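With the sequences and hints as input, model every part of the structure.
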Amino acid sequence: MLMKHKLTMALPKGKLFTPAKILLERCGFSYPELSDQSRTLIFTDERKEAAYIICRPTDIPTYVEHGAADLGIVGKDSIIEAGKNLYELVDLKFGYCRFVVAVPQDKLSPEGRFLWQPGFRIATKFPAVAREYLHKQGLQAEIIKLHGNIELAPRVGLAEAIVDIVSTGRTLKENNLVPLEYIGEATARLIVNRASYRLKAQRINELVTAIKEVLGEGGDEDLDSFV
Amino acid sequence: MPNKIKLSIPQGMRDWLPGEAYRKRDLINKLLKQISLWGYEEINTPMLEYYQVLLPDENWGGAEQIYKLVERDGRILALRSEMTLPIARVVSSKLPAAYPWRLMYGGEVFRYEEIQTGRQREFSQVGVELIGAAGEAADSEIVALAIETLRAAGLDSFTVSLGHTGVLRGLLESLSWEDAQLDRVRALILEKDFVSLGSYLLSAGMKEKRIQHLVGFLTCQLSPNDLVKEGRDLPQGILEALADLQKIISFLKRYGYERYVQVDLSTLRSQEYYTGMVFEIYTPGIGYPIGGGGRYDQLLHNWGTACPATGFALGVERILLSLPQEEKAKKEKPLLLVGTDAGKVISKALQLRKEGKRVFTEIGELSRWEAEKLALSKGAVLSWCGGENADEA
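So the sequences go chain by chain: A and B. Using the numbering used here, read the first sequence as starting at 1 and increasing by one per residue. Using the numbering used here, read the second sequence as starting at 1 and increasing by one per residue.
Please note that a few of the clues may not be correct.
[Unchecked claim] To give an idea of the interface, some chain A residues facing chain B are shown, with a C-beta separation under 10 Å as derived from the structure:
hint : residue
1    : Lys13
2    : Lys15
3    : Pro32
4    : Glu65
5    : Asp70
6    : Ile79
7    : Arg155
8    : Thr187
9    : Asn193
10   : Ser196
11   : Tyr197
12   : Arg198
13   : Leu199
14   : Asn205
[Unchecked claim] In silico DSSO-like pairs for lysine-lysine, Cα to Cα no more than 27 Å straight-line:
hint : chain 1 : residue 1 : chain 2 : residue 2
15   : A       : Lys125    : A       : Lys13
16   : A       : Lys212    : B       : Lys24
17   : B       : Lys209    : A       : Lys212
Hint data in this document are derived by calculation from the structure and do not stem from the laboratory. For clarity, every value in this text was computed on a predicted model and none was experimentally measured. For glycine and all other residues, C-beta sits at the position ideal for the given N, C-alpha and C.
Structure follows, in structure tokens:
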């Protein structure tokens with residue numbers, strides 16, 4: 001079977017795409033046609049015996065868990081929510097962001113405190129993260145799952161607080177939200193299917209070694225400039 | 001119009017239609033036949049068990065995966081979620097202590113979990129338990145039997161990934177940390193989140209060099225010939241586990257099966273009863289293990305029998321998915337006997353069946369053309385005996 005040696009990688013559309021592509025280039029997997037803007041969603045590089053699947057970040061853990069892709073590059077935030085059985089092998093260091101609990105500025109007391117009340121609702125793309133936060137704090141709130149533009153929810157009365165990821169915090173500010181607490185960090189990770197990890201051990205280990213070398217050269221900050 | 005509920009089946013269940021049902025049964029038979037050549041005897045246990053049999057220790061994980069229902073007397077029942085626990089119960093309570101017992105089974109189990117490739121919430125397992133035998137001879141017998149059974153089913157391209165629960169145990173024992181910290185390390189290794197493991201060990205005060213060594217050791221393929229040497233600077237518990245694996249591998253060489261085996265210490269099984277070597281089997285094209293097993297020396301204690309044991313289970317549906325789809329062609333077509341004279345058709349059918357042929361009949365006023373159409377739709381060979389232009393088949 002051809003598939004025996006071919007390495008299939010799932011890459012995320014959006015802000016992590018370019019640094020992921022550049023990282024692979026530096027590891028010897030250069031494929032200039034690769035793009036997250038084209039209509040093509042699968043690219044095959046016969047010379048390197050590699051294929052690339054371009055998909056939504058939140059779907060990458062699913063592709064990798066089922067073995068449709070041998071490995072994937074995706075943010076830790078997507079991995080946490082997916083709760084899949086995967087090997088998380090390398091912290092790629094780029095795409096740093098933080099999970100934050102944020103509330104509207106005008107809901108703070110004059111001393112800058114936020115009073116949790118029974119019946120409060122949290123809007124989030126990350127219900128698992130929000131649930132764990134509530135559990136640790138011993139708080140009770142209803143979690144409302146949204147798929148995007150979480151900052152909108154408090155403004156229209158859908159929720160009293162949000163749990164979201166932020167990199168610069170600008171979106172929060174623009175929506176009059178203030179961070180209450182940072183509850184975790186995320187960066188891009190290399191994830192691997194548990195069967196591929198055994199069956200294509202040699203090729204995967206070669207790539208992991210190459211990635212570690214590239215990152216070791218201090219390439220991490222450099223890659224972040226492509227985010 | 002029938003309502004929707006009447007036609008649907010619960011999530012995670014599936015119907016096996018003609019053709020695929022045959023393929024599944026045929027595969028189960030092939031697997032069991034091969035296993036029986038090694039002296040294993042079949043055992044059957046009920047689909048329904050008391051819940052405590054399937055979760056003898058409340059601290060074990062997996063409780064949420066068990067389908068539960070309430071018996072009329074108020075006790076909690078459960079659909080069996082695996083076969084090892086029920087068999088351990090039987091061996092402890094109903095079989096004489098004439099060890100070792102070599103037992104095999106083939107049957108359906110139920111787990112409430114995410115639906116995966118080749119795994120619904122009801123799925124079939126074929127497996128074995130070798131109870132009352134300790135040591136590398138028994139462990140290697142189990143691994144070799146798993147390999148031979150898959151080969152007999154027609155699969156050749158697969159890898160057995162061998163690990164040992166002693167590695168994780170040895171690692172945790174060597175860290176003189178608090179229980180909460182050890183639980184966290186254990187959880188991260190089971191989740192295979194080696195990135196968080198590294199940063200957690202660092203934050204707990206372990207030196208970076210040691211972390212690299214340790215994580216590298218857990219995630220790299222090891223040479224099966226020099227295991228003990230590769231683990232040199234590691235805690236005693238880990239060294240003992242490696243020595244155990246080394247012995248098992250030297251036995252597997254005598255079977256001639258070492259080419260199927262790789263050592264990968266990140267191989268861990270989710271069942272908490274494993275105590276020694278563990279393994280998972282992988283094949284190209286399927287992202288999940290198609291089988292796995294290991295040693296479970298403490299499990300029978302739960303029923304008052306102290307007895308070492310080892311075994312494996314294979315996922316029937318996953319093996320079906322990985323086999324080439326040629327079965328249909330191999331099966332001989334059935335005969336369709338058509339005629340108006342009931343006596344003639346029936347006696348001819350009886351005679352052919354005695355010869356071992358598969359025959360079905362259609363008695364009535366069928367035109368030759370209608371009979372041919374019926375035979376075609378059933379994939380059968382038409383045998384025309386009767387009607388106006390009667391001719392013999």
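Evaluation of the provided hints:
1. Because the smallest distance between the Cβ of Lys13/A and any Cβ of chain B comes to about 22 Å, over 10 Å, the interface hint for this residue is violated.
2. Look at Lys15/A: its Cβ only gets to about 20 Å from chain B, farther than 10 Å, so that hint breaks.
3. Checking Pro32/A against chain B by beta carbon gives a least distance of about 29 Å; that is not within 10 Å, so the hint is violated.
4. Because the beta carbon of Glu65/A sits about 6 Å from the nearest beta carbon in chain B, less than 10 Å, this interface hint is met.
5. The interface hint given for Asp70/A holds, since its Cβ lies 9 Å from the closest Cβ of chain B, which is under the 10 Å cut-off.
6. At its closest, the beta carbon of Ile79/A sits 8 Å from a beta carbon of chain B; the interface hint therefore holds under the 10 Å criterion.
7. With a least beta-carbon distance of about 34 Å to chain B, the hint placing Arg155/A at the interface is violated under the 10 Å criterion.
8. Nearest Cβ of chain B to the Cβ of Thr187/A: about 9 Å, under the 10 Å cut. The hint holds.
9. With 10 Å as the threshold, the beta carbon of Asn193/A comes within range of chain B, its nearest partner Cβ sitting at about 5 Å, so the hint holds.
10. Contact between Ser196/A and chain B, as hinted, is supported at the beta carbon level, the nearest pair being about 7 Å apart and thus within 10 Å.
11. Taking 10 Å as the C-beta contact cut-off toward chain B, the hint placing Tyr197/A at the interface holds, the least distance being around 8 Å.
12. Restraint check, Arg198/A versus chain B: the minimum CB separation of about 5 Å is within 10 Å; hint holds.
13. The closest approach between the C-beta of Leu199/A and any C-beta of chain B is roughly 6 Å, which is under the 10 Å cut-off, so the hint is satisfied.
14. The beta carbon of Asn205/A is positioned within 10 Å of a beta carbon in chain B (closest approach about 7 Å), and the interface hint is therefore held.
15. Restraint check for Lys125/A and Lys13/A: the C-alpha separation of about 17 Å stays at or below 27 Å, so the hint holds.
16. Proximity of Lys212/A to Lys24/B is assessed by CA-CA distance (about 45 Å); at most 27 Å being required, the pair is judged violated.
17. Restraint check for Lys209/B and Lys212/A: the C-alpha separation of about 15 Å stays at or below 27 Å, so the hint holds.
In terms of the numbered hints stated before, the structure departs from hints 1, 2, 3, 7, 16, listed from lowest to highest.
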